[in-house]
Amino acid sequence: FLSSKKTSKIPNISPKQGLKVKTVAIIGAGTMGAGICIAFLRAGYRVILKEINEKALEIGVNRIVNVINRMLKKMKMNPMALEYLMRNLVPQITYDHFDTCQMVIEAAVENIKIKQSIFSTLEQICNKTCILATNTSTIDIKLVAAKTNAIDRLVGLHFFSPAHIMPLVEIIKTDQTSAATIATCVNVSKKIGKTPVVVDNCVGFTANRAFFPYGQAAALLLECGVDPYHIDKVLERFGMPMGAFKMADLSG
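Numbering (the working numbering), first residue to last: 3 to 254.
Calculated directly from the structure, the hints in this document are not laboratory data. Please note: incorrect hints may appear among the correct ones.
Claimed, not checked - FRET-style restraints, in silico, Cβ to Cβ:
| id | residue 1 | residue 2 | range |
| --- | --- | --- | --- |
| 1 | S163 | S16 | 43 to 49 angstroms |
| 2 | T102 | Q178 | 24 to 30 angstroms |
| 3 | Y231 | D177 | 42 to 48 angstroms |
| 4 | L84 | L223 | 30 to 36 angstroms |
| 5 | D154 | G241 | 27 to 33 angstroms |
| 6 | Q218 | M168 | 37 to 43 angstroms |
| 7 | S163 | I114 | 32 to 38 angstroms |
| 8 | G46 | Q94 | 40 to 46 angstroms |
| 9 | N14 | T197 | 16 to 22 angstroms |
Unchecked claim - Each computed EDC-like pair below joins lysine to aspartate or glutamate, with the alpha-carbon atoms no more than 20 angstroms apart:
| id | residue 1 | residue 2 |
| --- | --- | --- |
| 10 | K144 | D229 |
| 11 | K144 | D154 |
| 12 | K18 | E112 |
| 13 | K115 | E125 |
| 14 | K78 | D98 |
| 15 | K76 | D101 |
| 16 | K175 | E125 |
| 17 | K78 | D101 |
| 18 | K22 | D142 |
| 19 | K11 | D177 |
| 20 | K75 | E112 |
| 21 | K248 | D229 |
| 22 | K22 | E112 |
| 23 | K11 | D202 |
| 24 | K24 | D98 |
| 25 | K149 | E112 |
| 26 | K130 | E112 |
| 27 | K76 | E112 |
| 28 | K115 | E85 |
| 29 | K193 | D177 |
| 30 | K57 | D98 |
| 31 | K235 | E225 |
| 32 | K144 | D98 |
The beta-carbon is built from N, C-alpha and C at its ideal position, and this holds for glycine as well.
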């Protein structure tokens with residue numbers, strides 16, 4: 003508990019240095035993008051949700067509606083709460099109104115060229131103080147920012163699936179990330195109910211850096227002939243929420 007409270011206290015950075023965020027744009031309405039969108043809607047933010055075409059956008063919006071409906075039923079809340087939350091959602095397939103955002107979160111596929119293209123466009127159309135964040139789980143943040151001049155406000159905001167439930171969010175900074183960018187990301191993460199962990203731009207960041215040898219050990223046991231169901235059962239008995247192979251199947 004004390005450790006989770008300490009994560010938001012960053013040396014030499016004050017929460018007051020953060021920008022005021024009212025509107026957030028999310029690029030990508032897949033499982034991750036939809037989950038991030040729900041987290042922001044629940045916290046009262048206006049959210050612009052962009053997808054590549056109308057079909058993908060419709061699937062994404064339906065995904066958001068279904069998840070929120072399930073949450074409302076579980077919490078025994080009035081179904082009208084769905085309408086209230088959805089009023090703040092602006093689904094679109096263009097970059098219209100991105101100049102009104104204080105933060106943009108990219109949740110597109112893990113493809114360097116696609117991400118570079120997105121951020122190159124964002125630099126041109128967003129205002130000069132807008133924070134540009136990528137949800138990448140492994141790609142070097144400097145590589146993502148390579149085609150822009152916005153390295154000081156380009157940051158990693160790595161959510162974990164399902165993003166509307168999992169409490170951790172990694173804030174990945176480079177040595178050029180501004181104090182205002184870090185402070186804003188920490189403040190926003192706390193407002194949407196997450197535990198922010200600021201980490202340096204290294205291979206795998208924190209969670210995946212710890213996870214790589216965990217998954218590797220399970221794979222080595224499998225290669226040696228150990229039954230994958232047995233490996234998962236041992237891990238679950240040890241205290242993990244689910245085994246390594248079950249988790250791999252679930253996440254795809």
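### Task
Sort out whether D101 lies within 20 angstroms of K76, counting only the CA atoms.
Violated - the C-alpha atoms of D101 and K76 are around 37 angstroms apart, more than 20 angstroms.
### Message
Hinted pair, alpha-carbon criterion (20 angstroms max): K115, E125. Please report holds or violated.
### Response
holds, 15 angstroms
### Query
Do the alpha carbons of K75 and E112 lie within 20 angstroms of each other, as the hint requires?
violated, 34 angstroms
### Query
Okay, N14 versus T197 on CB: inside 16 to 22 angstroms?
holds, 21 angstroms
### Query
Within a Cα-Cα threshold of 20 angstroms, do K22 and D142 meet the stated pairing?
Outside the cut-off at roughly 27 angstroms; violated.
### Task
Hint says 37 to 43 angstroms; check whether the CB-CB distance for Q218 and M168 agrees.
violated, 23 angstroms
### Message
Check the hint pairing K144 with D98 against an upper bound of 20 angstroms on the C-alpha distance.
### Response
Not satisfied, since the Cα-Cα distance of roughly 27 angstroms exceeds 20 angstroms.
### Query
Is it true that the C-beta distance of S163 to I114 lies inside 32 to 38 angstroms, as the hint says?
violated, 21 angstroms
### Satisfaction of hint between E125 and K175, Cα-Cα up to 20 angstroms
holds, 18 angstroms
### Query
Holds or violated: are the alpha carbons of K76 and E112 at most 20 angstroms from each other?
violated, 33 angstroms
#### Entry: Pairwise beta carbon distance, D154 to G241, judged against the given window 27 to 33 angstroms
violated, 41 angstroms
### Satisfaction of hint between D177 and K193, Cα-Cα up to 20 angstroms
Cα-Cα ~25 angstroms, so violated.
When the structure is compared with the earlier hints, violations turn up for hints 1, 4, 5, 6, 7, 8, 10, 12, 14, 15, 17, 18, 20, 22, 26, 27, 28, 29, 32 and for no others.
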